[in-house]
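Same order as they appear, the protein sequences are chains A and B.
Okay, so the first sequence: first residue is 1 according to this note's numbering, each after it adds one.
Okay, so the second sequence: first residue is 217 according to this note's numbering, each after it adds one.
Derived from the structure by calculation, the hints contain no laboratory data.
Don't be surprised by glycine CBs; every beta carbon is placed ideally from N, CA and C.
Don't take each hint at face value.
Under the rule of at most 25 Å between Cα atoms (straight-line distance), these lysine to any residue pairs were calculated in the SDA-like manner [said to hold, decoys possible]:
1) Lys260/B to Leu15/A
2) Lys118/A to His137/A
3) Lys143/A to Arg179/A
4) Lys73/A to Gly152/A
5) Lys28/A to Asn209/A
6) Lys29/A to Val281/B
7) Lys260/B to Lys80/A
8) Lys169/A to Leu205/A
9) Lys118/A to Gln81/A
10) Lys260/B to Leu99/A
11) Lys80/A to Ala57/A
12) Lys29/A to Ile270/B
13) Lys28/A to Glu255/B
14) Lys185/A to Gly249/B
15) Lys91/A to Pro8/A
16) Lys260/B to Lys58/A
17) Lys260/B to Gly102/A
18) Lys185/A to Ile340/B
19) Lys28/A to Pro285/B
20) Lys80/A to Asn209/A
21) Lys29/A to Gly152/A
22) Lys91/A to Gly102/A
23) Lys260/B to Asn209/A
24) Lys73/A to Glu27/A
25) Lys29/A to Leu259/B
26) Lys101/A to Gly249/B
27) Lys58/A to Ile212/A
28) Lys58/A to Tyr25/A
29) Lys28/A to Ile340/B
30) Lys118/A to Lys194/A
31) Lys260/B to Arg114/A
32) Lys101/A to Pro261/B
33) Lys194/A to Glu255/B
34) Lys260/B to Glu27/A
35) Lys80/A to Lys29/A
Just a sample of chain A residues kept apart from chain B, beta carbon distances all over 10 Å, derived [to be verified]:
36) Gln6
37) Gly11
38) Ala21
39) Tyr25
40) Asn26
Read off the chains here:
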Amino acid sequence: MNKQMQVPIIGALILIVFAIAVLVYNEKKTDELTETANKNASLLIRDYSPTTGDAGAKVTIVEFFDPACETCKAFHPFVKQIMAANPGRIKLVLRYLPLHKGSDYVAKLLEAARLQNKFWETLEVIYQTQSEWASHHNPQPEKLWSLLRGSGLDLSKAREDMISSTIAKRVQQDLSDARQLQVNKTPGFFVNGKPLVRFGSEQLLQLVNEEIRNNY
Amino acid sequence: MNEASVKQSTGNDQAGWNLIFACWILATVATLGSLFFSEVMGLKPCVLCWWQRIFMYPLVVILLVGMYPLDRRVVRYALPLAVIGLAFAFYHYLVYSGYIPESLQPCDQEASCAEIDLELFGFITIPMMSIISYTAIIVMLVMFRNRTKQNGPNQDRIKE
Chain A
1 MNKQMQVPII GALILIVFAI AVLVYNEKKT DELTETANKN ASLLIRDYSP
51 TTGDAGAKVT IVEFFDPACE TCKAFHPFVK QIMAANPGRI KLVLRYLPLH
101 KGSDYVAKLL EAARLQNKFW ETLEVIYQTQ SEWASHHNPQ PEKLWSLLRG
151 SGLDLSKARE DMISSTIAKR VQQDLSDARQ LQVNKTPGFF VNGKPLVRFG
201 SEQLLQLVNE EIRNNY
Chain B
217 MNEASVKQST GNDQAGWNLI FACWILATVA TLGSLFFSEV MGLKPCVLCW
267 WQRIFMYPLV VILLVGMYPL DRRVVRYALP LAVIGLAFAF YHYLVYSGYI
317 PESLQPCDQE ASCAEIDLEL FGFITIPMMS IISYTAIIVM LVMFRNRTKQ
367 NGPNQDRIKE
């Protein structure tokens with residue numbers, strides 16, 4: 001082996017080993033996470049979890065989300081698009097995973113909005129105004145009260161409701177379910193109990209389409 | 217220094233070139249290995265890990281540049297990086313094994329430097345791998361420097 005070729009050859013070899021290690025590791029991780037999800041299937045959906053879409057739909061997307069997470073915001077219209085493209089076949093269940101500072105406050109606010117049947121409208125406003133209240137260095141979720149003015153939500157009632165212990169327990173429950181299911185990033189997706197391991201919109205679409213094919 | 221004397225001083229030193237090449241392989245494996253831990257396995261690098269990365273990653277580039285053509289002065293640039301990196305690795309090892317308490321800094325949500333995330337075969341930890349690679353790189357760089365010194369004094373200085 002001459003000197004000129006040694007580096008490219010060894011370099012390529014190292015890269016190949018690296019790529020194989022990535023593949024093997026991801027494969028193993030997928031199996032592991034799928035098994036965890038299967039074992040803890042009862043933790044995926046709680047009876048109180050906000051749900052949208054046809055009740056009889058055979059494909060269920062469970063999304064662990066954080067209202068302050070930009071990627072969750074970006075994925076929200078995408079998920080709605082997938083649902084609109086498959087009318088009646090998909091339902092969406094949201095779970096709270098408030099990882100950012102101040103996010104649990106917003107999760108509680110959303111729960112309070114749900115008592116007024118305004119969950120989805122409120123979520124829309126919260127995502128639209130995310131840049132105004134959810135700076136990661138200085139989150140100001142209290143700003144939402146003025147941002148939500150005119151949304152039709154009874155703000156003073158929501159303020160009272162969100163301090164209830166039931167709501168606090170639900171948010172805690174979601175957090176602990178996420179931990180059990182090994183979801184530590186948002187958004188965390190499950191489609192009919194199968195975890196989305198390699199994150200991406202293309203991969204999510206694939207997983208959903210697969211489940212639609214299997215069930216319809 | 218004309219073309220001919222450059223060739224004479226470094227050109228045919230295959231064994232010396234191999235030493236730098238071995239250093240480069242180590243640095244590359246260490247770099248990709250650390251990226252595997254953080255990007256593939258999702259282990260968050262702690263602050264001390266970052267300092268060790270900062271001094272390891274440039275070695276991949278510097279050593280490679282020093283190999284084409286073989287430049288004996290590559291030691292001048294690579295050795296300081298490796299020595300500082302080793303110091304961080306050694307400090308990290310002490311924190312890891314509990315000789316130095318980590319509690320001197322306030323807690324935050326970042327990864328803890330004292331927490332043991334990974335043990336291969338039950339005893340090889342990340343700081344230990346870091347110490348081993350830095351040490352091996354330093355040893356080989358010093359061997360390379362000694363070789364070139366033997367070939368003739370003052371040759372690792374540029375003659376005007």
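Notebook entry, point to check: What are the numbers of the hints the structure violates, in ascending order?
Noted result: 2, 3, 6, 7, 8, 12, 15, 16, 18, 19, 21, 22, 23, 24, 26, 28, 30, 31, 35, 36, 37, 38, 39, 40
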